[in-house]
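A.B. asks: Sequence:
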Amino acid sequence: MPGVKLYIGLMSGTSADSIDAALVDMTSDCPQLIATHSADIRTLKPEIHALASRGENEIHRMGQLDRELGLHFAQAANELITQQKLSAADITAIGSHGQTIRHFPPNNSDEHAYSLQVGDPNTIAQLTGITTVADFRRRDIALGGHGAPLVPAFHQAIFEKPGFSRAIVNIGGMANITLLPGDSSPSSLLGYDTGPGNALMDSWINQNLGQPYDKNGHWAAQGQVIDALLQQMLGTPYLSQFAPKSTGPELFNLSWLIGHLNQIPEVSAVDVQATLLEFTAHTISEALRSHTPLATEVFFCGGGTYNTALIQRLETLLHPTLIASTEPLGIAPEWVEAVAFAWLAKQTLEGKPGNAPTVTGASKASILGAIYPA
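Just so you know, we're using this note's numbering here: the sequence shown kicks off at 1101 and counts up by one.
Some hints here could point you the wrong way.
Think about it this way: if two alpha-carbon atoms lie no more than 20 Å apart in a straight line, the pair counts; the simulated EDC-like pairs of lysine to aspartate or glutamate are [said to hold, decoys possible]:
| hint | residue 1 | residue 2 |
| --- | --- | --- |
| 1 | Lys1145 | Glu1158 |
| 2 | Lys1345 | Asp1125 |
| 3 | Lys1452 | Glu1168 |
| 4 | Lys1315 | Glu1156 |
| 5 | Lys1452 | Glu1260 |
Treat the hints as calculated values from the structure; they're not laboratory data.
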C-alpha cells in the first residue's frame, strides 16, 4: 500500500478485561480509525490485579505475566491484520501501551518514582514481524514527570479546535481530564487523573453480584447515595492535591473502600454502588469546574461513556455545558486510547515528543518509548 502509513495501537487499561487493537491510518495529521479488534483477557485479570500490591514471589510472577501478555498482545494484532486481509509488511509499526501492574508517581519521600507495564514488546515484535514501540511512560518519569496521563498530548493534537474551550474526559478504570483552551499552545495544556472512573464500581458489583461491570449503571441507579460515605471518600488527600498528579488502583481499590465502610454503620450494597457512582461523577465535575476558563464543550471517552446513569448525572452536574462522546470528533469513545498509542508510536519513529510537560510535570518535552525492530 504505497504512501499509506498504517499503525496498530494496542491498549489494556486498568479494568484489565480486554486488549483493544486499533488499526489506524496515519498518512495525514488526522488519524483515521480503519478497524478494531478486542481480545478477552479476563482469565489473567486476577493475577494482573494481584501484582498491583506487594506479594510473594513477585519477580517470577511478573516475568510469567509479561511473557503471557506479550503473546496475547501479539495475537490481538495478528488477528486484526488477518481480519483486514493485510500482512505485516502493510503495517509501519505497533504502539503497545502494555498492561500497567504498578504505578508509583513522584511524591515527597526518598523513594524513586516508577511505572511498570507488562506485555513483552520483544515477543510482540517477534510474533507479528512488525516493529513495535513500547515502554512509553518511563522516559517522562526519568525527566521528573509522573509518566501519566500521556493521552492529553494526543487529545490536543487531534481534538483541539481554535477558539473553543474544550475538555476531554476519559473514564476508564481511573478517570482523567484534558483541558484544551483552544490556543494550540503546549504551555497551556492541562490534564490529570481526577480519581476513580469505573474501577471501584466494577470491583464492588463483581464482589456482590458476580458481574464484571454495572451495565448502564442500572444497579447504581436503584440505590441511594450514602452521604457519610461520600464525604469520607471526598476527604481523600489526593483529591485536594494540585496538578501535575496521577493515581491508580494502588490507591483507589476495594481495600480502600472497605476501610471507609468499616467507619460507618452497616449499609446496603446497592447504596454503596450508588455512592461510588456519585463519587466518580462528583470528582470529575469538580475537577472541570475548578479551572478557568470553564470548558464550553465536554467530550467523553472510555468505557464509562456507556454508563448511562453516570453520564446522566454528569450532565446534571455540568449543566449548561454541552456534553457528548468523542464520536462526533471522529473516534468512537472506546477506541480513543488505542488510537492514541498508535499516534505515540508514530511520534517516536518520527523523532517527535510524545509527552506534555504541563500535564506530567516532566522537565521538558521528550521522545517517548523504546523501539523493538521486527
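A.B. asks: Now tell me if each hint is right for this structure.
C.D. replies: Against the structure, the hints:
no. : hint                : verdict
1   : Lys1145 <-> Glu1158 : 16 Å, holds
2   : Lys1345 <-> Asp1125 : 32 Å, violated
3   : Lys1452 <-> Glu1168 : 31 Å, violated
4   : Lys1315 <-> Glu1156 : 35 Å, violated
5   : Lys1452 <-> Glu1260 : 19 Å, holds
Violated hints, listed in ascending order, are 2, 3 and 4; each of the other numbered hints is respected by the structure.
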